[in-house]
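Going line by line, the protein sequences match chains A and B.
Every letter in the first sequence is one number past the one before it in my numbering, and letter 50, counting from 1, is 50.
Every letter in the second sequence is one number past the one before it in my numbering, and letter 299, counting from 1, is 299.
What the hints contain is simulated information worked out from the structure, not anything from laboratory work.
None of the values given here were measured: they were computed from a predicted structure.
Capping the alpha-carbon separation at 30 Å, the derived lysine-lysine pairs in DSSO-like fashion look like this: (1) B:K19 with A:K43; (2) B:K254 with B:K273; (3) B:K19 with A:K12; (4) A:K43 with A:K12; (5) B:K19 with B:K273.
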Amino acid sequence: MYVVVVYDTLAKRNAAILRLCRQYLHHVQRSVFEGALSPAQLKRFRHRVEEVIDQSYDSVLVFTFPPGTSPERHEWGVAQPAPTDIL
Amino acid sequence: MPTAARTYWLTTSCRIRRKDQSLRIERPEGAPVHIPVTDVRDIVACEAVDLNTSVISLLNQHRINVHFLSHYGDYAGSLLTADTSVSGQTVIAQVGLAADQTASLEIARAIVASTAVNVRRVVDRRLLNRPMAVLEASIADATTREQLMGAEGTFRRSAWAVLDTRLPDWLRLDGRSRRPPRNAGNAFISYVNGIIYARMLSAIRLTPLHTGVAFLHSTMERQRHSLVLDLAEVFKPLFAERLLLRLAGRGQLKPAHFETDVNQAMLSETGRKLIVQTVRDELAVTIQHRSLGRNVAYDELLYLEALQLTRRCLEGTPYKPFRIWW
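Full structure from sequences and hints, please.
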């Protein structure tokens with residue numbers, strides 16, 4: 001399913017969560033990631049995120065879109081191009 | 001195929017680095033791109049790519065194969081991870097089948113016949129009626145795989161001649177040539193065939209089949225995965241010939257997509273991008289599968305083909321190679 005992840009963490013934990021997100025999703029803005037994950041991948045990702053963050057302080061928002069669909073993406077201003085598999 | 005992961009296509013020369021337990025693609029121009037390693041099923045490198053040991057070990061952990069196409073567009077080799085689906089039983093059955101003259105010839109016959117059906121379906125049904133009849137007779141008569149290959153060659157030659165009549169002058173094949181392709185049409189076909197070969201190799205690696213033990217192509221050929229050649233054969237017309245006709249018909253292919261020299265042609269960078277994109281989109285096209293009763297992407301058909309052959313080896317179910325049924 002298509003996933004958009006947004007995080008807001010204490011500065012000292014930013015690097016760790018960034019590294020982790022990069023393994024699963026495409027980095028599109030400073031603290032925003034998007035990409036397709038299988039349900040199993042999402043579950044594993046969640047566990048690994050919860051190990052890194054401070055559950056009482058940090059917040060990670062995850063938007064998922066129904067399987068087989070992806071959100072329409074509008075780019076306003078300077079935006080990272082949508083992730084592609086042809087480089 | 002099983003996971004949500006995708007194939008990544010590298011169409012410009014670049015360096016792959018390992019960064020944060022994931023991949024970073026660095027290109028001479030433009031900012032580096034990070035790609036999530038869990039999203040990668042395999043990589044097709046269409047241009048020169050640099051990578052080092054630490055990348056290879058990461059790719060290995062995630063079971064990612066990398067296929068390389070040469071500058072001239074033919075298949076140059078693969079970086080394969082250790083076999084994951086290993087079953088000695090299957091390999092023994094496969095070898096037994098290949099060693100059995102009658103059984104292997106039967107499979108080879110089926111492959112040649114299905115390939116011809118697909119070619120005829122794509123190129124022209126009516127004009128290829130006669131060559132088809134000739135081919136069917138020679139398939140029945142053939143007693144060795146060399147004879148089968150010869151009969152297929154004859155059929156293929158007439159099919160290419162018919163194909164030429166439907167192409168603009170500058171795209172005509174004038175006989176198939178490879179290494180290097182002599183003209184634009186040949187360069188196109190070689191390139192797409194190279195990609196299909198790579199995809200088939202990835203698909204077969206998901207099954208326990210041994211890629212070197214083949215039924216139609218010579219098992220003795222070195223450094224080539226002969227079984228991949230066998231199974232890719234039936235899919236080549238679905239992609240190469242069909243897309244060539246389509247792109248030519250729509251006027252999407254332009255001379256600027258090729259770099260032509262005397263007696264030699266290859267794709268230019270824009271041409272390469274166009275073809276990779278077209279093949280990528282074509283692989284994602286789905287079709288209602290008759291026996292599975294669900295939609296199946298063309299890409300998955302390659303995997304199903306490999307599974308079918310596994311079945312033939314283990315359970316003796318008759319092997320019916322892929323035929324375009326729509």
